[in-house]
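Participant: Residue numbering for the sequence shown follows numbering that gives the first Met the number 0, beginning at 0 and increasing consecutively.
What the hints contain is simulated information worked out from the structure, not anything from laboratory work. Treat the hints with care, since some could be wrong.
[To be verified] Straight-line C-alpha distance at most 30 Å; calculated DSS-like pairs for lysine-lysine:
{"hint": "1", "residue 1": "115", "residue 2": "69"}
{"hint": "2", "residue 1": "53", "residue 2": "69"}
{"hint": "3", "residue 1": "53", "residue 2": "77"}
{"hint": "4", "residue 1": "77", "residue 2": "115"}
{"hint": "5", "residue 1": "115", "residue 2": "53"}
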Amino acid sequence: MPISLPPMLSDQREAWEAVFEIHATMPRGWVLVGGQAVYLHAIERDAPIVRPTKDADFALDVRAYPSMLKDFTAVLVKLGFESAGESLEGHQHRWLRGPAVVDVLIPRHLGERAAKRRGVTGGTTIAAPASQHAIDRSETVDIAADTASGLVNRPTLLGCLIGKAGSLTIVNDPDRERHITDFLTLAAVVRAGDLRAADLGPAERDHLRNMLGHLSNNQELFSLVPEGEAGVERLRLSLT
Numbered sequence: 000m001p002i003s004l005p006p007m008l009s010d011q012r013e014a015w016e017a018v019f020e021i022h023a024t025m026p027r028g029w030v031l032v033g034g035q036a037v038y039l040h041a042i043e044r045d046a047p048i049v050r051p052t053k054d055a056d057f058a059l060d061v062r063a064y065p066s067m068l069k070d071f072t073a074v075l076v077k078l079g080f081e082s083a084g085e086s087l088e089g090h091q092h093r094w095l096r097g098p099a100v101v102d103v104l105i106p107r108h109l110g111e112r113a114a115k116r117r118g119v120t121g122g123t124t125i126a127a128p129a130s131q132h133a134i135d136r137s138e139t140v141d142i143a144a145d146t147a148s149g150l151v152n153r154p155t156l157l158g159c160l161i162g163k164a165g166s167l168t169i170v171n172d173p174d175r176e177r178h179i180t181d182f183l184t185l186a187a188v189v190r191a192g193d194l195r196a197a198d199l200g201p202a203e204r205d206h207l208r209n210m211l212g213h214l215s216n217n218q219e220l221f222s223l224v225p226e227g228e229a230g231v232e233r234l235r236l237s238l239t
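All chains should be built: construct the whole structure from the sequences, respecting the hints.
Facilitator: Structure follows, in structure tokens:
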């Protein structure tokens, strides 16, 4: 049964329509991450906070598909997207089609060769922490968004939690509080079954412990999503 999204503004609807078109054209080699992935889990599990966002963030599996950045951005161009421009570092991570906004990311720590891969218009892109874990823990779900519908690759709830925990490692991140709010939103709906036999790798454990330690040292952050505190304790126990 598809996950039915509530009525949304036109820019968010345009983003979801773009996600469906991308999956129909290129069903493998990427996963939806960031705010939209959190939004899906929040809607599906009736989270206490549901934060709509208009951007669609994609993490590309350049480890399994070395040409994915070029191939994926070629699909974006075919679908009518244009690069929003190039940063001083040479990154072309943001793509626009009318009100639809797509951000293209690759995993960190895959080596210099992967970091220097270029898209179809010649730009590199941003390497995001923990995105390989989101890719490795991905699943495909059916979504209904207003009159549009389609398939989406997203991280599992645990994969999403690890990804948001990894965001805490971004230095001088202006969106840090938003990432913590997203993490607590997911923690509010995490179940024992999500954590049972999770087989977490060392890096995944490190990301989660880092976030849990940050929350333990900054108890006031639980006021962002008070319902997340029990889930945080559940996560803590799963790491022992």
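Participant: Each hint should be assessed against the structure and marked as holding or not.
Facilitator: Each hint, compared with the structure:
With a CA separation close to 12 Å, the supplied pair residue 115 and residue 69 stays within the 30 Å bound. Our distance criterion of 30 Å between C-alpha atoms is met by residue 53 and residue 69, whose separation comes to about 24 Å. This hinted pair checks out: residue 53 and residue 77 have alpha carbons roughly 21 Å apart, not beyond 30 Å. As the CA atoms of residue 77 and residue 115 are separated by approximately 23 Å, the hinted pair is consistent with the 30 Å bound.
For a cut-off of 30 Å, the pair hint linking residue 115 to residue 53 stands: about 28 Å separates their Cα positions.
Comparing the model with each numbered hint stated earlier shows that all of them hold.
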